[in-house]
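**Student:** Residue numbers (the working numbering), protein chains in the order written: chain A, 1 to 710; chain B, 1 to 148.
To be clear, the hints were calculated from the coordinates, so they are not data collected in a lab. No residue lacks a Cβ here, since even glycine has one placed at the ideal position from N, Cα and C. Hints are not guaranteed to be accurate.
[Stated by the list, open to error] Label-pair ranges, simulated between beta-carbon atoms:
{"no.": "1", "chain 1": "A", "residue 1": "689", "chain 2": "B", "residue 2": "101", "range": "39 to 47 Å"}
{"no.": "2", "chain 1": "B", "residue 1": "138", "chain 2": "A", "residue 2": "685", "range": "39 to 47 Å"}
{"no.": "3", "chain 1": "B", "residue 1": "75", "chain 2": "A", "residue 2": "662", "range": "22 to 30 Å"}
{"no.": "4", "chain 1": "A", "residue 1": "618", "chain 2": "B", "residue 2": "93", "range": "49 to 57 Å"}
{"no.": "5", "chain 1": "A", "residue 1": "587", "chain 2": "B", "residue 2": "61", "range": "29 to 37 Å"}
{"no.": "6", "chain 1": "B", "residue 1": "75", "chain 2": "A", "residue 2": "548", "range": "55 to 63 Å"}
{"no.": "7", "chain 1": "A", "residue 1": "689", "chain 2": "B", "residue 2": "61", "range": "44 to 52 Å"}
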Amino acid sequence: MRSKFIYTLLFSLPFASFGQDTLSGNYATLKISAGLHLVKEVVTVKGLLTVEPGAKIEFLDPGVIVCEGAVDINGVGQNIEFYGRAKNEGVGLIIKNIDSSVVNIIGASFKYLQMPLFFDFGWKRNSVNISNNNFIENIGKVSIIQVLNPPFSFVLDQGSIDFTLKNNIFSNNNAAIYFEDLKSDLVKISIVNNTFAGNKVFGFKNYNISTNILYGRSDNNYSKFPSLIESNSFVFNYLIDNNTDTVAHAANFGIYGSDKTFKLTNNYLGASSKVEIAKTIHDQALNYNAPQLIVEPFLSTPPVNAPTHIYAMSTLDNKVISDSIKISEPLSGLVLISNNELNLSKSIVGFSYFVGDSVLRKVDTTLTYSLQSSGKSNSLTITKVINTNGKAGYYTLSGVTDNSGRAVPDVKVGYNAWLNEYSVRKLLSELVVVNTKKLEDSIKSSPKSVDSIKNTFQKIKEPFKKRIEVGVVTGGAVFTGTISSPGLFNNQMNIANGVHVNYTLFSNISAGLTIASFKLSNSDRTSSNNEQLARGMSFSTSMLSLSPSIHYDFVDNRFVKKERKIRPSIGLGLDINSFSPTGIYNGVKYKLQPLGTGGQFSDSTKEPYSLLALGYFLSVKVKYQINPSNSVGIHLSYHKSKSEYLDDVGPDEYPNAAKMLASSVSDPVAALYFSNPTSRNIKGQYRNSPNNSKDSYIIFGIFYARKLFK
Amino acid sequence: MFYKNLSFKIFVYLLGLSVLFQFCKKKEVMTDLEFRKQLLAGSGTYQNVENNWKLDSTYVNGVSVALTAYQKTFVKTFMHDGIYKDSELNTGTWELPTLNTLRQKIRYSTTSKIDSFSYEILIINTAQLKLKLNNSTSQTEYLFKIAN
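With the sequences and hints as input, model every part of the structure.
**Tutor:** This is the structure:
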């Protein structure tokens, strides 16, 4: 009996030591001591929430701790951990309710959470201090920290809230830090000595205020306390396009509101020139309704008081590595520049690269290296040789700490370019329905976006010149205006030639410009309409047209695949036509406009028509893509002119013969003939119906197009 | 210089097709004589099978002759198929052997006598027709105006 008791006691000890405490329900106060704790539902703490050093709190969706009173989280060296469980990440902490207490969140680590800290609308405390924390790799795409306003009824006699965000690391997160008001009568915000490094803010490709790692509003009323945002470092923060998972823009700081200016001085904004800094902020320069960000004076290197991080890299021969570098051939080494000394004793250098041409197969390797440290500069000479066969790859440096043991944000080299390659390969793999290939993929495709906005027209990453295609067009032109037969094939056809330039705007949209030279001619004599037969008119005109257009391509024009060699498209555009109708009288060719065949020169109330006409057209094309550079195809377009006189026959009454003969034109007899070639009894009649008198024509044919640059 | 032979072949095909398009064009060819016939008697198409020419003035040896009201109602009708008729119910045929010559055979309605004339065409256009009749004693010019 005694031995059984001892065995039971010994057997249960490990569970007592390593077991986890599940938090649930409502607590008047809650003290979370060192050890593992689990939050998998809404836990409400009405009073003081205390978290002691060594506590590890795991959040499972929809786990969240709602704090309605004081918060006292006080760790040592970020040894309090709030983290989400992989693939089932919980939310984080919500601060709400009005309470005359303080919120201290110090020395903690927030990882893999949906929204680590949320100050809900109507919250109020005496002060908030968020210092010395690590916010790393949080997965939520809404906010890392979201601070909404205290209640409006909270007036000045109750004092203001000191809100301090100091010496924190924000690294490799998927969302921004948002303050509803960065300038207000209620909250004194101080954001100093923080490091914002390597964060990805997810959105669409349009860079805006909210797609920055830190953003908020600054109005010129209720603005007693401007924010103090100083001595922070912003590096490698980017807007990521949700559709393609590629870098769309640098994304450090965004401001909006009715204020004229907003101070963002004495920060390191990822660059040492104002021009480069301007590319990372969203202010009045991009939205004239927003305040202007005052960034000068700015720091040319990150402050030493900010948490340690790597802010620049170069090759071993001191060539600066830009954030857009594409690594097709492995580097011999890296030089890391940081704001403080690094501890690389446990660091790992990884290299990932694609295998094959068109599949999502990636190889991850760990590299060996030798280290040469020199203060804030560390040279890593890579000693392991890799053959990537020219495929894109990127380096990952992880496991770095500072001299106090605090984590240093991971850095990636060549990752932005790799993402572009990944995006293309992902799209290709979706297009190719070959199951066997899918088995080879080692990268799991990300789940389909749940965004309600379906973005059909995806951004093109190719440079300007690669999007240009030029071509020659030839075929026929058939006039279908006033002097034409209802039966299309009864009309005269003339040759049409042109040159065409096409520019790919988006995945399915392209713009074009065509210059075409052709002739239009027709005669009433070939018409199947008796009225036109009786009228007996004919004309011929040379046309020179300049036609800008826009096309919707039914096939994604970024890729050339065997399955997609036939590429239909539809388009619309404008025509600017130069024309001059002519006719033959007694074997002599006459320009008709100067003769005023509609009575333009025999009737003082009329004016000659313009020989320049605007118009519009609709077109259909089917292109056959021979190879990535060359294509041929057929095209058909229907053009409607804004002029009624392409054929010289407008909606004019037949002019009086006597007046015509007496007019001052060069050849009144010819003018008279062209005005009424069949000498019909024309009293009160019109040469052309005033209704629907606008002229039109059809151009069709074939084309050859070629991309000039590969 | 083309990138590949393939591209050059395509260019040649396109050129060939382009020429083909040119030959597909419907062309309208009309001689001067045919054109003059159309001025005189219409094109022969719908509602244009004849032209009516009303006498406007007459000149004998270059001197204007005053016309009576009845004479001013005289109308010559040339039909596209070569038939002639006028307002005095005379009938006959017409032809244009040359650009400036109009030959007529007229069968008078009152006497059934058949006579031939050869006019010189001085003016013809869509509104006016001026004919000159030469004989041994005088030169007579008739100016007609269209009266369709």
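**Student:** Hint by hint, note whether the structure agrees.
**Tutor:** Here is how each hint holds up against the structure:
1. A/689 <-> B/101: 39 to 47 Å: Taking Cβ atoms as reference, residue 689 of chain A and residue 101 of chain B lie about 41 Å apart, which means the hint holds.
2. B/138 <-> A/685: 39 to 47 Å: holds (41 Å)
3. B/75 <-> A/662: 22 to 30 Å: holds (24 Å)
4. A/618 <-> B/93: 49 to 57 Å: holds (54 Å)
5. A/587 <-> B/61: 29 to 37 Å: Given a distance of about 33 Å, which is inside 29 to 37 Å, the answer is holds.
6. B/75 <-> A/548: 55 to 63 Å: Distance hint for residue 75 of chain B, residue 548 of chain A holds at roughly 57 Å.
7. A/689 <-> B/61: 44 to 52 Å: holds (50 Å)
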